[in-house]
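Chemist: Chains as they are written, first to last, in the working numbering: chain Z, 1 to 286; chain X, 287 to 507.
These are computed hints drawn from the structure, not numbers from a lab.
The structure displayed is predicted, hence computed values, not measured ones.
Idealized CB from N, CA, C, for every residue including glycine.
Just to be clear, a hint being listed does not mean it is correct.
The following label-pair restraints were derived from C-beta to C-beta distances [stated by the list, open to error]:
| # | chain 1 | residue 1 | chain 2 | residue 2 | range |
| --- | --- | --- | --- | --- | --- |
| 1 | X | 476 | Z | 174 | 47 to 57 Å |
| 2 | X | 453 | Z | 157 | 22 to 32 Å |
| 3 | X | 483 | Z | 84 | 29 to 39 Å |
| 4 | X | 367 | Z | 59 | 53 to 63 Å |
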Amino acid sequence: MNNQPIEPMKEIVAYEKLWSAETASYKRLSELFMKHPGSRPSDFVNLEGDMQFYQTIKEIVLKDGCFRTNILINGTLDYPSKLKDAKVPIEILYYTGNLDLLSTRSVAIVGTRNPTPEGLIRASNMVRFLVKDGFTIVSGLAKGIDTQAHKTALEEKGKTIAVIGTPLDKVYPKENRKLQDYIALEHLLITQVPFYRYRQQGIHGNRLFFPERNKTMSALTEATIIIEAGETSGTLVQARAALQQGRKLFILDSCFQNKAITWPEKFLKQGAIRVKEYADVQKALK
Amino acid sequence: MQQIKPLKIDELLLSDHFYLNPEDDCYYFKEYVAKAGFENITNSLIFNFKKKLDKKDLPEWKYKGQAIREIAELFSKTLPSFLNLKKITFVPIPPSKCKQNSLYDDRMVRVLKIFKENYNKTDFRELILTKNDIKAVHEYGEEKRPEIAELQHNLVVDRSCQDDLKETIVLLDDVITTGAHFKACKNLLQKKFPDKKVIGIFIARRSIMAGIKDDFTDLRE
């Protein structure tokens, strides 16, 4: 086994290289690392032969921006072991900001990109209660409920983590540029999305990263709270992941009252908690 | 339990440590976020390890002992798998107070004593001494911190333990910030023992969060 110290830049380049293969996926990479315990990305690629690639990645990563890229890599002290609860554990995460937030108690607030006005109010109310109780608010910086959750957390002087579905230096949706920068600088921004692959492929490939980050968001938190979501919402990926990873899943009562959707009852049967008032969350997170 | 590995301060991280250059060999285990209002949320290991001696009679003092044992265990589990202990002399970077001061903190020596219980051939020495008390890094605030030469001037090699040093000297400290103390010690040793290799191992690396002063309230358009 390779017990030599880890050189972060080398591992970033190697990880990007692994991802540059057409057939790469989180599942395949996860299987590769599980088959070789204690291994690291650079064990599987030859970097000496491709200095051009090394240079390209280095330029992306060290680019003068308003933040610094850093990595969390399996086998180091800062790597959050809770990631191992995911069905497909993530070997490397990129981050920028205050890593301390990862060790605080945290709850994910998620939901639709097209919320009702009531949904937005419910998201804000929930965040206010959680911040008051000292929880860090985690969300995905998407339009709608996610954005509302982050902004309320900041307004309430709480702590927030954004787990995004783009590389650190890309923003989706564009209007969240300022919010993302702020979180990167003052709180914590995390992604599992490779810089290079994202640049090489189009929207069809890249949109697959969004549901993947929801599984990671669930693994990194103690519980997921769904504020509002349609029958085919990506939010439901996180609901499944939460239950599968042994995390608490909360669903607001208003979701159950919406007769157009069936998922709340389905997840309730699988162990989700129906939230009529904040006390229901508080009690379960004691 | 998986083997924990240290990380190298390489080109990705170098800019966080003003005085280090690419030739310096420095390793660390944890990130330490230096940011007002966030200290000690989770950096309690470092926080407890650095607990000052004037807290000796308080109940919280026991956490210092725990931190020392935890760090000794971390070193015991990790260092022997990448360092050839037979060829290493461990030297703590001296604390800010000199040995005669009642607040002199021998925390790293205590770590090394436990380490030596696990690996009895371990060679460690308090080879570098502080001549006069200086301020601890966090006590400087806005005031200008001393430069390497100034720090080096305040250090002296303890001649009583300078014989038969091993090939590589490993300087140990809890947190690397700008790298000034490491460089002062490294320069001193290289001047005195030019044939020795000098590397640094730190429990944590201070990472810089840029921070912006703006208020976020205008994020709501």
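Chemist: The hint says 29 to 39 Å between residue 483 of chain X and residue 84 of chain Z; measuring C-beta to C-beta, is that right?
Modeler: Given range 29 to 39 Å: holds, Cβ gap about 37 Å.
Chemist: Taking 53 to 63 Å as the hint, is the beta-carbon distance of residue 367 of chain X and residue 59 of chain Z inside that range?
Modeler: violated (34 Å)
Chemist: If I claimed the Cβ atoms of residue 453 of chain X and residue 157 of chain Z lie 22 to 32 Å apart, would that claim hold in this structure?
Modeler: The hint (22 to 32 Å, Cβ to Cβ) is violated, given that residue 453 of chain X and residue 157 of chain Z are roughly 53 Å apart.
Chemist: If you check the beta carbons of residue 476 of chain X and residue 174 of chain Z, does the distance land in 47 to 57 Å?
Modeler: holds (52 Å)
Hint check: violations occur at hints 2, 4; the rest are consistent with the structure.
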